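Q: Those protein sequence lines, which keep their order, are chains G and B. Reminder that position 125 of the first sequence reads as 124 in numbering that gives the first Met the number 0, one-by-one numbering, no gaps. Reminder that position 130 of the second sequence reads as 129 in numbering that gives the first Met the number 0, one-by-one numbering, no gaps.
Hints in this document: simulated from the structure, not taken from any laboratory. Nothing here was measured: the structure is a model prediction, and the numbers come from that model. Beta carbons: idealized from backbone N, C-alpha and C, even for Gly. Check the hints yourself; a few may be wrong.
[What the hints assert, rightly or not] Cut-off 20 Å, straight-line C-alpha distance, at most; resulting in silico cross-link-like pairs (DMTMM-like, lysine to aspartate or glutamate):
no.: 1; chain 1: G; residue 1: LYS266; chain 2: B; residue 2: GLU171
no.: 2; chain 1: G; residue 1: LYS266; chain 2: B; residue 2: ASP29
no.: 3; chain 1: G; residue 1: LYS145; chain 2: G; residue 2: ASP194
no.: 4; chain 1: B; residue 1: LYS53; chain 2: B; residue 2: GLU67
[Said to hold, decoys possible] Sample of chain G residues with no beta-carbon within 12 Å of chain B, all distances over it, derived:
no.: 5; residue: GLY26
no.: 6; residue: PHE45
no.: 7; residue: SER46
no.: 8; residue: ARG152
no.: 9; residue: ASP158
no.: 10; residue: VAL159
no.: 11; residue: ALA161
no.: 12; residue: ARG207
[Stated by the list, open to error] Beta-carbon label-pair distances, calculated as ranges:
no.: 13; chain 1: G; residue 1: ASP92; chain 2: B; residue 2: ARG158; range: 17 to 25 Å
no.: 14; chain 1: B; residue 1: GLY68; chain 2: G; residue 2: SER149; range: 44 to 52 Å
no.: 15; chain 1: G; residue 1: ASP206; chain 2: B; residue 2: ALA141; range: 31 to 39 Å
no.: 16; chain 1: B; residue 1: GLN34; chain 2: G; residue 2: LYS266; range: 23 to 31 Å
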Amino acid sequence: MKRTLAAATAAALLAASFPAPALDIGGLINKAIDTGSKLKEANRDFSQDEEVQLGDNIAATLLGGWPLSKDANLQRYVNRVGRWVALQSERPDLPWTFGVIDAQTVNAFAMPGGTVLVSRGLIDKLGNESELAGALAHEIAHVVLKHQLSAIRSSANADVWASVGQQAAGERIARTGGGYIAHVGEGALANLAIDSVKNGVFLRPLDRSMEYQADRMGVILATRAGYDPYGLAGVLEVLGTMQGDGSGIDIMETHPAPSDRLAELEKLMPAVEGYANQPRLEGRFLQVVGRK
Amino acid sequence: MGMLRFLLALLVLVLPVAALAQDQAFTNRDTELKQRADAGSGTVASLRADTAVKVLARAGAWTQVQAEGKTGFVRVFHLRFPATVEGSSSSSSSSGSNPFAALGGLIGGNKPDERAKLASTGVRGLSKEDVKNANPDAQALAKMQSYRAGKPEAQRFAREGKLAEKRVDDPEAKAGR
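Extracted from the complex, chain G is given alone in its bound form (with noise of 0.2 Å):
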């Protein structure tokens, strides 16, 4: 960034000196500033349309392939869970969506902008709601943090991410002069989204310390919300006692092993022991999830 600029000045001085250049020095400069601009846009902080857009576009790829539970009352519950939890985050009013997946995998995802899935596989791990609150607080977390959408940025094409700034510019020139925003299925952002999950970046891990933050965060939003904060906890005690099953993205491949995260969160934990006895709500969920 800096050599380039550097360039760029150097090339102007030249083109001050010289008024009859053999070289294209104008060119020259606008490529400078061009590559310039690119990288500004590469480094420069989402707008939160922008991030609830990318959302967007990731989930809709996601449930091009994979099947969306039909169970309405159970999509119904899980958003509550999911709402209440995030109610107590510091981005409460992101357009929080969590969606329940058909399939056996035992995985959640998170995608910038608030939209989440769980599978089903997940779900039947599961004993009552305080883990599920759990589990979704921990993809919550990753959802304020921007984890997925710093992952996204690191590993994306150059040309396909400055895009996105290049049309961000003229979608807001658009949007004063009252035009509509493209918004699933067309324009850079979505075309970042299916770069992302086409180049697998939206499925590999993330840095452990980004999950073992998740987890840490996780726990204050669900004791928060009122739930019992050993909810995530029992989770990991679930996922220690299972095996993978090998797809390359169930939970036990994308994350540290149970074992690890239980015990960097064992250091949060003095911090919540007072809230230990907070409902864990067993009835309402496995009414719900129908094994009871």
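On the provided structure of chain G, position chain B as indicated by the hints.
A: Just chain B now, kept in the frame of chain G:
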């Protein structure tokens, strides 16, 4: 007959191992087996670190286990779990496009009985291949979003469950509020 005896012997050898793997854990430090899920309750037994226990039930901070022939409760953080990742990154359980995928899964260590279970429920596992070339499904997205819960709905739901909001500071001060 000889073959049958061999198979039976194999079963005897294999079954207990599989049963153990499902619910086995170990103590990760010296700890106490308590009568109830309560630190103030009586001690059933003192367990040394690395004692094998059988997990019976989860109860929040406590886990009901069987250890050294006795049943009681151990703190969840005093246990470590032998979670295993079977198989590699093959997408054996779901990708219909690769006839060798199932074989790859077997070689990778996926247990055939797990596979059979998946097949019998009719619900598939997830695979990367299913989404890598998927077309965005705007209709499914809209369907999912139709289940969203608004703030008042979430608050009502919490009241019904007697969930009371608490002010809990985040030690990392990143959860906000």
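Q: Hints first: check each against the structure and report whether it holds.
A: A quick look at each hint next to the structure:
1. Distance check on the hinted pair: G:LYS266 and B:GLU171 sit about 12 Å apart at the alpha-carbon level, within 20 Å; holds.
2. Using a Cα cut-off of 20 Å, the hinted pair G:LYS266 and B:ASP29 holds, with the two alpha carbons roughly 18 Å apart.
3. Between G:LYS145 and G:ASP194 the CA atoms are separated by roughly 18 Å; this keeps the pair inside 20 Å, and the hint holds.
4. Only pairs whose Cα atoms come within 20 Å are accepted, and B:LYS53 paired with B:GLU67 is accepted, the gap being roughly 10 Å.
5. No Cβ of chain B approaches the Cβ of G:GLY26 within 12 Å, the least distance being about 38 Å, so the stated non-interface status holds.
6. Distance check on G:PHE45: its Cβ is at least 18 Å (rounded) from any Cβ of chain B, clearing the 12 Å threshold; non-interface status holds.
7. No beta-carbon of chain B comes within 12 Å of the beta-carbon of G:SER46; the shortest separation is about 19 Å.
8. The Cβ of G:ARG152 sits about 19 Å from the closest Cβ of chain B, beyond the 12 Å cut-off, so the non-interface label holds.
9. Residue placement check: G:ASP158 keeps its beta carbon more than 12 Å from all beta carbons of chain B (closest about 20 Å).
10. No Cβ of chain B approaches the Cβ of G:VAL159 within 12 Å, the least distance being about 15 Å, so the stated non-interface status holds.
11. The beta carbon of G:ALA161 sits about 22 Å from the closest Cβ of chain B, which is more than 12 Å, so the claim that it is off the interface holds.
12. Here G:ARG207 stays apart from chain B, with its beta-carbon at least about 15 Å from theirs, past the 12 Å limit.
13. Between G:ASP92 and B:ARG158, the C-beta spacing of about 20 Å keeps the proposed range 17 to 25 Å intact.
14. Checked against the given bound of 44 to 52 Å, the beta carbons of B:GLY68 and G:SER149, roughly 51 Å apart, stay inside it.
15. Checked against the hint of 31 to 39 Å, the pair G:ASP206 and B:ALA141 passes, with Cβ atoms roughly 33 Å apart.
16. Judged by the Cβ atoms, the range 23 to 31 Å given for B:GLN34 and G:LYS266 holds: they are separated by roughly 28 Å.
Going through the hint list in order, the structure satisfies each hint without exception.
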